[in-house]
Amino acid sequence: MLNFDWLKDVSPTAAKEVFLTLFVLCGLLVVAIPRQYIYEGIASPRWWHNLKVWALGVLAIISTIYCIF
Amino acid sequence: MLSGIDYFVVIAYLAGIMVLGLYFAKFVRSADDFFLSGKTLPFWAVGMSIVATDISAMDFVGVSGQSYRFGMAVGNFDWLGSVPAMLLAAFIFIPYFWKAGLYTIPEYLGRRYNDYVRAVASLTWIIFFALDLGVLFWATAVMFEPLMGWPPWFSITATALVVGLYTFFGGLTAVVMTDVVQMIIMFVGGATVVVVGLYHAGGWGGLADKIAAMGEAYQNHFKVILPADTQTPFPWTGILFGLTLVMSNAYMIGNQAIVQRCLATKSVWHAKASMLCGAFFKMFIPMLVMFPGLIAVAAYPGMEDGDQAFPTLVKSLLPPGLRGLLFAGFLAGLMSTIDSILNSTATLWTKDVYERFLKKDASDRHYRIVGQLTTVVLLIFGVLTSPLSKSFPGIYVAIQTFLSFFQGPVFSILLLGMFWPRATQWGGLMGLVGGICTSVSLYIFKGRLFTIEEPFLYISWWSFVAGVLLNVGTSLVTRRHPEARLSGLVCRLPRDLKGSCEVPAC
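Quick note, the sequences are listed as chains C and S, same order. Taking my numbering, the leading residue of the first sequence gets 1, the next gets one more, and so forth. Taking my numbering, the leading residue of the second sequence gets 1001, the next gets one more, and so forth.
Keep in mind that the hints are not guaranteed to be accurate.
Said to hold, decoys possible - From the structure, some residues in chain S lie toward chain C, with a derived Cβ separation under 10 Å:
1. V1083
2. P1084
3. L1087
4. F1091
5. L1102
6. V1224
7. P1235
8. K1272
9. A1273
10. L1276
11. W1462
12. V1472
Hints listed in this document are in silico derivations from the structure and should not be mistaken for laboratory results. All of these numbers come straight from a predicted model, not from anything done at the bench. Even glycine gets a Cβ: it sits at the ideal position worked out from N, Cα and C.
Sequences and hints are given; from them, build the entire structure.
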């Protein structure tokens, strides 16, 4: 059990889908964050202050890497 | 040996960094300035500083060596081992710590649980950082000796003097701002090796073709996800449970050297943005430290020691001038880690031990001086203990193993402390100490319990599970804290309580 033997039959392809699902889940949680929380601490918000865009950009890059490799 | 122009590049780098660091001394007037830069830092500087602190020269050699042996799976440590954890830190933990006005992570644990938990967590980090300093200083000497011809004592003293001066006078601001420059030099130096190496390998396509033609043993070199029953240290189950769910979160949320600079940002938006900025730069790290290993597989197959991949590549590919630049990049990696350790340890000692247990209610100036003196004492300790690395070659691995014992348990008490109001002070202490004991036991009996050679990912997962179970079990049979005491420390508490959590996600 300590070695997760019960998961040894899961193929690397299926495992990759688990990680991609994790990225999608992270993305959905980021999208769900309220707007005022994102801009908190900024006096006059501009579009580039939107941290959701930053987070989704980072997730898009890492998802692409895991899709390719 | 380096050539004349390489010497010039390295000495110009050392002098430039010292002058830059000392420039920021004029901004240090109080303890707050010394430990938290007076909360004035911008997100981009902190984001770049996080990356510079995280990556040391040993990563260039060690990660290249592992990618030479195991392929791209080693990149998981900077991709999966950073991005999800940094998002969690950016949107939940960091803004919460920032609003609470904390200096250290053990300070949060002390407020949430009790002083025993704070002391154990703080002393653990202090011991780890202090021992790590000696190893890092010795690594500097090892780098200088063959290339510059400097004896170890001279390189160690020179590095200690440069780093010590600007860290002593400039505090966290000097550390972060020099880290920015050091990260840029690291990226330029690392990218030079990759670009020149790929050119010689016939581009990315040529590299992939060469490695694919090398047969069965190299079939997984371009795969990031390896099967659960792989004999390498990176089975996907370990990457998911040990790295992604525990170790990366413990590192990004519980590591004083990382979190402290986020607490020094000028607003809560900058605190969140700094982590996201760091996550962006972190994604490029595998390309700098992992690709040289892959290039070496194609160029120099059959090397017995994978750690020779990077030095061999540098020696054979880079012309004079560029070698100096890469060496400056190596130094930048080491110095950015050393200065962060010095400042973070001084903060832990002054705030968690000295101010809490030895001398309360002293003046602000007094605590700043204590912080500066701690920096000097640590520096001397690091220099004096550095030759130990020569006598005990396994000391680096031993120190890293020591840290790994705490990662799972510390994250378990941070997580439950933040999200479960029922967690009590004794639950926290039991979770921390019991989790550490679990790690040590699993490590001692790893040969019997685990099927892979280095099961540190599994050990961190199971010690995390033990920490959670022990915390929950003990908390349920001990007296719960009144809600007023937990105000501002636990999510989901009523917002009308003074200082309660304002994070919407809670």
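Quick rundown of the hints versus the structure:
no.: 1; hint: V1083; result: holds (5 Å)
no.: 2; hint: P1084; result: holds (6 Å)
no.: 3; hint: L1087; result: holds (6 Å)
no.: 4; hint: F1091; result: holds (6 Å)
no.: 5; hint: L1102; result: violated (17 Å)
no.: 6; hint: V1224; result: holds (5 Å)
no.: 7; hint: P1235; result: holds (8 Å)
no.: 8; hint: K1272; result: holds (6 Å)
no.: 9; hint: A1273; result: holds (6 Å)
no.: 10; hint: L1276; result: holds (4 Å)
no.: 11; hint: W1462; result: holds (6 Å)
no.: 12; hint: V1472; result: violated (20 Å)
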